[in-house]
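Number of protein chains: 2
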Amino acid sequence: MDAYIAVDIGGTFLRVASYRTGKITQLTYERIHSDVEQPGIYNRLVKVIEQAWPKGHTVIAIGIAAPGPLDPFKGIILATPNIPEWHDFPLSEKLSSRFKVPIYLENDANLAAFAEWKFGAGRGHHNLLYLTISTGIGGGVIIDDRILHGHHGLAAELGHVTVLADGPVCSCGQKGHLEALAAGPAIVRYILEQLEAGKKSRLRGAENPDAQEVAAAAKRGDALAKSAFSRAGKYLGIAVAGFLHTFDPSIVIIGGGVSQSGTTLFESFEASLRAHVFNPRYLEEITITTGSLGDDAGLLGAFALAQMEGSDQ
Amino acid sequence: MDAYIAVDIGGTFLRVASYRTGKITQLTYERIHSDVEQPGIYNRLVKVIEQAWPKGHTVIAIGIAAPGPLDPFKGIILATPNIPEWHDFPLSEKLSSRFKVPIYLENDANLAAFAEWKFGAGRGHHNLLYLTISTGIGGGVIIDDRILHGHHGLAAELGHVTVLADGPVCSCGQKGHLEALAAGPAIVRYILEQLEAGKKSRLRGAENPDAQEVAAAAKRGDALAKSAFSRAGKYLGIAVAGFLHTFDPSIVIIGGGVSQSGTTLFESFEASLRAHVFNPRYLEEITITTGSLGDDAGLLGAFALAQMEGSDQ
Chain A
1 MDAYIAVDIG GTFLRVASYR TGKITQLTYE RIHSDVEQPG IYNRLVKVIE QAWPKGHTVI
61 AIGIAAPGPL DPFKGIILAT PNIPEWHDFP LSEKLSSRFK VPIYLENDAN LAAFAEWKFG
121 AGRGHHNLLY LTISTGIGGG VIIDDRILHG HHGLAAELGH VTVLADGPVC SCGQKGHLEA
181 LAAGPAIVRY ILEQLEAGKK SRLRGAENPD AQEVAAAAKR GDALAKSAFS RAGKYLGIAV
241 AGFLHTFDPS IVIIGGGVSQ SGTTLFESFE ASLRAHVFNP RYLEEITITT GSLGDDAGLL
301 GAFALAQMEG SDQ
Chain B
1 MDAYIAVDIG GTFLRVASYR TGKITQLTYE RIHSDVEQPG IYNRLVKVIE QAWPKGHTVI
61 AIGIAAPGPL DPFKGIILAT PNIPEWHDFP LSEKLSSRFK VPIYLENDAN LAAFAEWKFG
121 AGRGHHNLLY LTISTGIGGG VIIDDRILHG HHGLAAELGH VTVLADGPVC SCGQKGHLEA
181 LAAGPAIVRY ILEQLEAGKK SRLRGAENPD AQEVAAAAKR GDALAKSAFS RAGKYLGIAV
241 AGFLHTFDPS IVIIGGGVSQ SGTTLFESFE ASLRAHVFNP RYLEEITITT GSLGDDAGLL
301 GAFALAQMEG SDQ
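As given, the protein sequences belong to chains A and B, one line each in that order. The opening position of the first sequence corresponds to residue 1 in the working numbering, with each subsequent residue numbered one higher. The opening position of the second sequence corresponds to residue 1 in the working numbering, with each subsequent residue numbered one higher.
The following block holds chain A by itself, in its conformation from the complex (with noise of 0.2 Å):
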């Protein structure tokens, strides 16, 4: 029988599924630790692929998630802030000789809005915004059906958008940026400050604390924690006020660790959000959600991938 092998390159697991075609059951899944700071990462995922692959099952094609900015078109990482042996590597070229099958590389935040449009929250929708939030800011839209790429298929890097001009540095360099403002790293470094210049908090003791810790600090009362994450969902509000202005989607999706950290985050950028969208005729049947398909919907994007492209074929 027909199946479709799916890998999502994520900074902490390599992680391989297989599918039958029109089905989202795993047939076989597999994942090791990418182990980023070892040399031979691509020796490792070759074997997890082997591994994970279905006996007794023809493979039509595979699909790849990876965290950009890559070549969608040409199949090419350029440069991944976590594979530093990854620079303009041929990764669909390499895998394509090795397995003799199509390869189909696309962004995993791009994957991810094409498995919620596809099987999760976005079902349904022809217009969709999706954004990923963690230790960054990922963006993925779908417009009339189908994946916005661009020019060189770099968009759409939604984390990267300017909301507050020479605001605090993003992990790319530039200022101001959504990421900046409301990813996990920039609700800690918001919190450090805040305990520097003076307020009380329960955090006060925690040597380096991450945005997890964060949040359970806020569920459990911690003003301070609370503080932080009203703070990123009135900019996480306020940017997504934009993307209704630019894209007007019928559906807000968000996705990634930050978004489950609890209420209060995702209150405050609703609340953020609805005062800002300039016309309320914006906001008129959307659905502002998180996503269904929780980690899962970067293998069932490249799944996705594989199966619309590897059928053309």
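Rather than coming from a laboratory, the hints here were simulated on the basis of the structure. Don't take every hint at face value.
Since the list gives no way to pick one copy over another, a pair counts as held whenever it fits inside one copy or between any two copies.
Said to hold, decoys possible - In silico EDC-like cross-links for lysine to aspartate or glutamate, where the CA-CA straight-line distance does not exceed 20 Å:
1) K199 <-> D222
2) K74 <-> E309
3) K74 <-> E284
4) K118 <-> E284
5) K175 <-> E270
6) K74 <-> D144
7) K175 <-> E37
8) K74 <-> E285
Put chain B on the given structure of chain A with help from the hints.
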């Protein structure tokens, strides 16, 4: 012979032209003052369409460029800041029962983008970003050769995207939008603030300078006037860098009166854009230019729309 009528509804003029299939030379052209403060704008519009009606031709369809927000799917003007008479106004339905031809209504900035893509500076490009800068800032985006509409048809209001959270108040009431930082009134407001603060300038005598006077002073070397355009160009560059990260177009076209105000703004914009793009690949093979159709962009876009939609009938 077959002909199409194009209408451009502006705050100053109602303009109507007619065209033969596939030819951008005008068969007829008429314009009258909009007189938006006077009642009866719909009757004036009907009259000028009658005047421009091409004798001896069969009109296949009428395309209309109008300021947003509007509903292009239903042909309804939702609200225009300039025309208080038109609120939820079913313009297409009224004109189609009057003239017995199909009417196609679209946002004027979207149609200017479409015209530049089809006839102007954007020919041959598949992913185009268009901004028009005058008293406001409008946006139009072409993705894979199609106008970006969004769910309600309210895309792409690129002037109403926040660049400086909690910044100056925009015409729409929100804060820190691109329009509030880089449109004509924002440039004038900055001048007035700086004069108030004691800055020297030849503009000190001017009672209430407009953007054109500021541009003239900048051309004569006035430092304050030049700094006002540099500042607008800086914020425009920051915003367009965000639009590149968002849409990844192969061409950026700047139209509208302020874009024609000399080199200070455009130079400062281009330098700011290049400084604020977070990955150099976005700038590879990209074209950054002013529009080539000038004031006719809206009319030509309305013609192109009528021809495209009308030929589907």
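Status of the hints after comparison with the structure:
no. : hint          : result
1   : K199 <-> D222 : within (11 Å within a copy, 47 Å between copies)
2   : K74 <-> E309  : within (14 Å within a copy, 35 Å between copies)
3   : K74 <-> E284  : between (39 Å within a copy, 16 Å between copies)
4   : K118 <-> E284 : neither (23 Å within a copy, 32 Å between copies)
5   : K175 <-> E270 : between (24 Å within a copy, 18 Å between copies)
6   : K74 <-> D144  : between (24 Å within a copy, 18 Å between copies)
7   : K175 <-> E37  : neither (28 Å within a copy, 44 Å between copies)
8   : K74 <-> E285  : between (38 Å within a copy, 16 Å between copies)
Hints 4, 7, counting from the list given before, are not met by this structure.
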